[in-house]
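Taken in sequence, the protein lines are chains A and B.
Take 657 as the starting number for the first sequence in my numbering and just add one per residue.
Take 36 as the starting number for the second sequence in my numbering and just add one per residue.
Please note that a few of the clues may not be correct.
Here chain A is said to cover these stretches of chain B; the calculated rule only asks that three of the stretch's residues, wherever they fall, bring their Cβ under 8 Å from a Cβ of chain A [claimed, not checked]:
#1 126-139
#2 283-290
Distance windows between CB atoms, simulated [unchecked claim]:
#3 A:Gly836 - B:Arg338: 26 to 36 Å
#4 A:Ser924 - B:Leu119: 28 to 38 Å
#5 A:Arg933 - B:Ser104: 27 to 37 Å
Some chain B residues near chain A, calculated using beta-carbon distances under 7 Å [unchecked claim]:
#6 Arg51
#7 Tyr155
#8 Thr156
#9 Glu176
#10 Asp180
#11 Val204
#12 Leu233
#13 Ser251
Derived from the structure by calculation, the hints contain no laboratory data.
Quick caveat, the model's predicted, so the values are computed rather than measured.
Virtual Cβ for every residue (Gly too), placed ideally from N, Cα, C.
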Amino acid sequence: MCRLVLDEGADAVYVGVVGWSRRGAEHELSDDEIRHVIDDAQARGREVRVVVNTLPSSTEIPMFLDRIQQYAGWGARGFMISDVGCMRLVKTLLPDVAVHTSVGCGVTNFEDVRFLRDNGATHVVLPYRMTVEEIAEIKQKTGVGIEVFLFKTPSGGKICPGKCMMSSYFSYRRWLDETGKDHFYGSASRGGDCLRVCQSEWDFGPDDAFIRHGMTIKTNPALWLDELPAYLAAGVDCLKVPGRDRSDLLVRDIVRFYRRVLDRIQESDNPDLSGFREPLLVFHQRWKVERGIRDNRLIGEAEREARRVEREQVSAKNFEVVI
Amino acid sequence: MFELSTNVASPQQLRRGDFSAYDALYLGEFSCLSYPNNFCAHPEFLADAAEQVHALGKKAYLRLFAVPSNHDLPTVRKVIEAALALPFDGFEVHNLGLLQMLKEMGNTKPIHLGVFGNLYTDATARVVKDYGVTRVYPNPELSLDEAIYIRDNTPIDVLIPVHGKIPLVVAETCFIHENSGGLPGEDCKFKCAQEHWLTRASGDWSLKDTGCMTLSGADLCMLEHVEKLTAAKLNAFYVQSHGESPEYIATVGRIYRDAFTKAFAGETEGDVQPLLQELSGLAKMGLCNGYYFGDAGRRYVGRT
Numbered sequence: 657m658c659r660l661v662l663d664e665g666a667d668a669v670y671v672g673v674v675g676w677s678r679r680g681a682e683h684e685l686s687d688d689e690i691r692h693v694i695d696d697a698q699a700r701g702r703e704v705r706v707v708v709n710t711l712p713s714s715t716e717i718p719m720f721l722d723r724i725q726q727y728a729g730w731g732a733r734g735f736m737i738s739d740v741g742c743m744r745l746v747k748t749l750l751p752d753v754a755v756h757t758s759v760g761c762g763v764t765n766f767e768d769v770r771f772l773r774d775n776g777a778t779h780v781v782l783p784y785r786m787t788v789e790e791i792a793e794i795k796q797k798t799g800v801g802i803e804v805f806l807f808k809t810p811s812g813g814k815i816c817p818g819k820c821m822m823s824s825y826f827s828y829r830r831w832l833d834e835t836g837k838d839h840f841y842g843s844a845s846r847g848g849d850c851l852r853v854c855q856s857e858w859d860f861g862p863d864d865a866f867i868r869h870g871m872t873i874k875t876n877p878a879l880w881l882d883e884l885p886a887y888l889a890a891g892v893d894c895l896k897v898p899g900r901d902r903s904d905l906l907v908r909d910i911v912r913f914y915r916r917v918l919d920r921i922q923e924s925d926n927p928d929l930s931g932f933r934e935p936l937l938v939f940h941q942r943w944k945v946e947r948g949i950r951d952n953r954l955i956g957e958a959e960r961e962a963r964r965v966e967r968e969q970v971s972a973k974n975f976e977v978v979i
Numbered sequence: 036m037f038e039l040s041t042n043v044a045s046p047q048q049l050r051r052g053d054f055s056a057y058d059a060l061y062l063g064e065f066s067c068l069s070y071p072n073n074f075c076a077h078p079e080f081l082a083d084a085a086e087q088v089h090a091l092g093k094k095a096y097l098r099l100f101a102v103p104s105n106h107d108l109p110t111v112r113k114v115i116e117a118a119l120a121l122p123f124d125g126f127e128v129h130n131l132g133l134l135q136m137l138k139e140m141g142n143t144k145p146i147h148l149g150v151f152g153n154l155y156t157d158a159t160a161r162v163v164k165d166y167g168v169t170r171v172y173p174n175p176e177l178s179l180d181e182a183i184y185i186r187d188n189t190p191i192d193v194l195i196p197v198h199g200k201i202p203l204v205v206a207e208t209c210f211i212h213e214n215s216g217g218l219p220g221e222d223c224k225f226k227c228a229q230e231h232w233l234t235r236a237s238g239d240w241s242l243k244d245t246g247c248m249t250l251s252g253a254d255l256c257m258l259e260h261v262e263k264l265t266a267a268k269l270n271a272f273y274v275q276s277h278g279e280s281p282e283y284i285a286t287v288g289r290i291y292r293d294a295f296t297k298a299f300a301g302e303t304e305g306d307v308q309p310l311l312q313e314l315s316g317l318a319k320m321g322l323c324n325g326y327y328f329g330d331a332g333r334r335y336v337g338r339t
C-alpha cells in the first residue's frame, strides 16, 4: 500500500509499528518492512513518518525510545506520538525530528495546541469536527503545523478521539511478550483495536422507557470535498487519508482522487470542484461498505471475547463470584 | 491519614447532600457547562461554596471544564480568575491547555489532573508536575500496579477511585439532547436529571449516559480490596457520584469511611458481604472492578 499511495501522489506516508500504534497488528509493519518503506520513499524523495501513538506503560518507555532512535537512524524524520511525556523525551533525545501529535491527544482548543507545542509537538492532528474558524484560530495563535483527516462526522453522536474507553470496558486483555512489550487487546489507546462497540445496536432512553432502539452511539464519518479550499486557506498543512482498515485499492483510488482535487485547487483562486462530486459519491459507497465489513468483524470479536470472559465469570452483576 | 473525596455539581446539591463521610469535595460537573448552576460555569457561586465546604471542615477543590472549545475559554478564564482570589484548596484540570492557562495566570494552588487528562505514564506525570500538578487521576485503563508505579517513579500523589461508575467517554455534544428531539443551539431542558441508559439487546452490555459523558453501566467497587489499597500506601480515594442520589453518596461514603478507618488502624476488614449487598442494591447494573486487575473494565474480581 505504501508504494501504491506514493505512486499516486501522496507526499508522505505514515506506517504503524507492530504493537505501538493505535490499531491491531494486521495493519502494522515489522521493523524490516519499515526499513524497506523508508528506503523506498527516500529514493522517490518522499517521506515516511513512523506511528508510535499508543499510550504505553511506564515501564515500556525505554523500549519506546530505543525504537524511535532506530527508525531515526534509518532515516525516518517524523514520528506520530500521543503520550506527552514520551513526546518530550523524544524531542530531548532527537531535537531535529518532527513530532506529530496523534488525534488521540484529544485536542479541543488552541491552548491545548500551545501546550503540546511547548512540549515538543511540531504538528498536531485535529479532531474531525473542528470548524474552519477554530482551525484558523489555532493556526494563528500557535503557528504549529496542522493536520486534518479527509473525513468528518458532521452529524450527531459521540466523537471523542483520545477520550473514549468504551471498547476496553467490554473487552480487554493484557499480556507481555518475550521482549517485555505490553500488549493490550481491545484498547486503541494502548495499541489494540478499538472494537467498535459504539457501532453496535443500542437502545437508549431514560430508565426503562427507551426513546431510541437499535441506534449506534457514533455516526459514520464521510469523505469531504467542497470545504477543502476553506480548510487550506485556514492554514491546514497536511490532509490525511486513513489507510488502515481499508483495502489497498480503495486507499490508492482515494489518494489519486484527492491529489487531483488539490492540484485543481492550487491552479485557481476559485476552483471549480463540481466535476469531483460524482466520483466522490462512489468513494462514499466503497468507503461505507469496507467500513461496515470492518466494524462487523470487530464487533464480532468483541462479542466473542465477552463470551469468553463470561464463561470464566458468571456475571459482573454477581459480586460473589471469585476468579 | 487518608482522604476520601467525592464530587458535587451545584449549590443545590451541596446544600441537599450529606457529605459527612468525606474529607474533600470536588466542586463542579466537568463534562457539561450547561448543567444547571454548575460550579464550572458560575463564578458567582464559588465564594459561598468554598466557605460552605470549609465550614464543614472539608477541602474544596474546583473542577474546570474538561473539553473547552476555543469559544469556551473566556468562560473558563472567568471561573479561574474568580477562584484564584478565593481560598480553594486546589483545581482539578482535565484539559492540558488549561494547565498552560493556569500557569500563565500565576496560579500557586495545587492542581489535580482529572480522569480525562489521559495520564498513562510517569513520563507524562513529570511533564504535568512541571505545570504545578500535585495529584493525578491515572487513566481508568491503568491497572493498580501501573498507578502505583507512576506514584513511586514520578513521584506524585495518585487519586484512586474506589466506587462509582467509571467515566468512559467525554464528548463536546450532549447525547441526551440530540436523541430526545433537541436541536443544535436550543436551550438545555436538563433531561439528564433523569437517568439515561444505553443497553444492548444481545448480551448484557450497559452504559449510563449523562449527556456529555458516558459512564460504565456497572459501579466500580473496591470494598473487598481496601486492605490491598492501604497496604500499597495509597491514601487518596474517590467516590464518583455524578448523577447519583444523595442517599447513594451518603451510603457509599459511610461504608468506605468505615472500611478505610479500620484498615488504616490495622484492623482486618472481616465479612464484607452485608456491605457488598448494600452497595449492590444501589448499583442498577451490578458491580465491577474497572481495570485495576488488568481485565476488561466491567469485570468483578472478588477477594481471593
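Identify whether the interface hint at B:Ser251 stands, where standing means a beta carbon of chain A within less than 7 Å of its own.
-> 6 Å, holds
Taking 8 Å as the C-beta cutoff, is the stated coverage of the segment 283-290 of chain B by chain A satisfied by three or more residues?
-> violated (count 0)
Any CB of chain A closer than 7 Å to the CB of B:Val204?
-> 5 Å, holds
So does A:Gly836 sit 26 to 36 Å from B:Arg338, Cβ to Cβ?
-> Check passed, 30 Å falls within 26 to 36 Å.
Starting from the hint 28 to 38 Å, judge whether the C-beta atoms of A:Ser924 and B:Leu119 obey it.
-> 51 Å, violated
Tell me if B:Arg51 is really an interface residue toward chain A, meaning its C-beta lies closer than 7 Å to one of theirs.
-> Since chain A brings no Cβ nearer than about 21 Å to B:Arg51, farther than 7 Å, the hint is violated.
Are A:Arg933 and B:Ser104 spaced within 27 to 37 Å by their CB atoms?
-> 30 Å, holds
Classify the hint on B:Thr156 as holds or violated, based on whether any CB of chain A lies nearer than 7 Å to its CB.
-> 5 Å, holds
Taking 7 Å as the limit, does the beta-carbon of B:Glu176 come near enough to a beta-carbon in chain A?
-> 6 Å, holds
Residues of the segment 126-139 of chain B with Cβ under 8 Å from chain A, three needed, outcome = holds (count 7)
Once the shortest beta carbon distance from B:Tyr155 to chain A is found, is it less than 7 Å?
-> 4 Å, holds
Return the status of the interface hint for B:Leu233: holds when the least beta-carbon distance to chain A is below 7 Å, violated otherwise.
-> Because about 5 Å separates B:Leu233 from the closest Cβ in chain A, which is inside the 7 Å limit, the hint holds.
Comparing the model with each numbered hint stated earlier shows that hints 2, 4, 6, 10 do not hold.
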